[in-house]
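Between the sequences and the hints, there should be enough to build the whole structure, so can you do that?
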Amino acid sequence: MDTSTAMSGKLVSFDATKSMILQGRCLCIAGDEQLLEKLPKGVWIGGSIPYFMAAEGGLCDQERLYVTEIENFLGVPRISFYSADELKTLSTDAPANGYSIIIIPANSPAHEEYAANAPLYEDMYLKPIVGWISGVHLNDLQRLRPSVMNGQIGEPSSRQAVVMHVELDPNRVAEVHTINCFNQGQGDTIAFKESGFSVKNCLINGHETNFARYLKLGSADTRLPLVADYCGMLVNVSIKQVNEDSVELYAPVFSGVDYRLAQPIDNYLDTFQQALPSNTETIQFSCNCILNYLYSELEGKKIAIGGPMTFGEVAYQLLNQTLVYLTVTKT
Amino acid sequence: MNDSEFCKSVIGVSAPWEVTRVKITSGEKRIDIWVGIATKGGLLSRASKALKAGPVSSWRHLNMANHQVYVHCENPDAIGDHTYSWVGQPGLELTRGMAKRVVRLLSEGVSYGLVCAILKLQLKDVWPIKRALDEGRLLLGGKRVTVAQKRKAANTSPEDSLNEPGNESVPAIDAVVWERVAAGDMDEYIRPIALKLLVTKIRGQLQNIHDREDRLVKLNEIRRYVVKHERSLERELAFLNEHTAS
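Chains C and D are the protein sequences, given in the same order.
Just so we're aligned: the first sequence equals residues 1 to 331 in our numbering.
Just so we're aligned: the second sequence equals residues 332 to 577 in our numbering.
Be a bit skeptical, because a hint or two may be false.
[As the list claims (entries may be wrong)] One side only, chain D facing chain C, incomplete, derived with CB under 7 Å:
1. 522
2. 524
3. 527
4. 532
By construction, these hints were calculated from the structure, which means they are not laboratory data.
C-beta: ideal position from N, C-alpha, C; glycine also.
Structure, rendered in structure tokens:
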């Protein structure tokens, strides 16, 4: 198996990014919205976010862009906006052998639709899908709207997702991976009767109670996500805000799934380094979560897999507090 | 025969219902048909007038002469349990007649995109039909539509529709091992996260599906994944074959 085909992304200047686009290179770009909108048309997609894990460590940078060059593709990747209604065909539109990168503006109709319904889309899970939720500087949450860019037509959107479908030759295989440092804690089993981003009541070990009240009474550390076990894959749902009688989440919980609050982590960096794959050379795309950046205080600290630190990660479906990466290997 | 009589005959409206009005918009290739309760004189009785108090319900019906047809029922409260083909199931925007046509095409293997193109529908109209089918909620002609009925309508055998072409190393869909996969017996052998997520989703859906053939259709989603990714599923295939042979 050839393990030297992929190139990871890097934080580069606006001019360097512009130059790469004009050279006709195929790019996935993360950065400040104003910089993205000034870039020339080309074979690229982008999303707004100023937080990154770069070669020099975790940082917030509104002057440079994080550029991931897409390589080893067959033909020219297809780039499209997808409205909330159109996302249902995402998987069926994807190439038979290849992968799709999706960027969705946070709090948009496309975000809400994808979070709630992606697992039900036709052919979902048959073809690799990775991506992230775009955001803004945390100081600008009330002032700016997260956006994405379709570089092919040079247009931004704060309502639609942008997708790049990448076809691979038959001898290459794309595979989606995640690194989740959290484990389920030993506490109560938490289930929900209704799926959604906002919940009121829950079932604690089968007994109905108000979720907000449960968290407050237990003095729960709401930096720790709810964790569900999907056949051994741990899927996080992060807690956004605990209100008087409701709880807002960064991803929807699903009815019929059992959750537990995560075990606390002593040292995120150490836990993460231990979970890293031995070979990172085949990584074609990666992203991590802004909540890991914040809660684990990653600013200035370096982890081996870089990328934008985002408002949500996509590994087929929407995830939270998880590092997502995609490998392309030659068979 | 005037427009109302023609439409009444074509969409199958019968007493006590009557086509009360027809509007043809040639430029938009659209026909709107209003249906209400009929009386002997063609006018609404006092009783049926009372029923008219509610809002009009509208659904998209089968196309007619290359025109899109919309049916507007002026007395939706009077429909009750009747399953007229020109009426839609609550929560769906298509009439039962149109929904049947959608299901028929899907069961013949026509893609969602092509179904939309053929019937001049939007995906948002077809999507709730898929959801209702997945969840066993679709009522066509008064009965829940099962996979077996869909196949009968499409005149295909279970083998034709369920056994995806694939290498012989992947167990056939009727092998008991697929139920074991859904039950969790293979969980510790599953490596790709896509398969973990898929098996978890199917496991959840199967909790509400008890019909044997409907279960096979859901299990076949797992089999399709295994067939497509056979090259990279050594551990999983070893489990499947070991437990198919035993």
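Structure-based check of all given hints:
no.: 1; hint: 522; verdict: violated (9 Å)
no.: 2; hint: 524; verdict: holds (5 Å)
no.: 3; hint: 527; verdict: holds (4 Å)
no.: 4; hint: 532; verdict: holds (5 Å)
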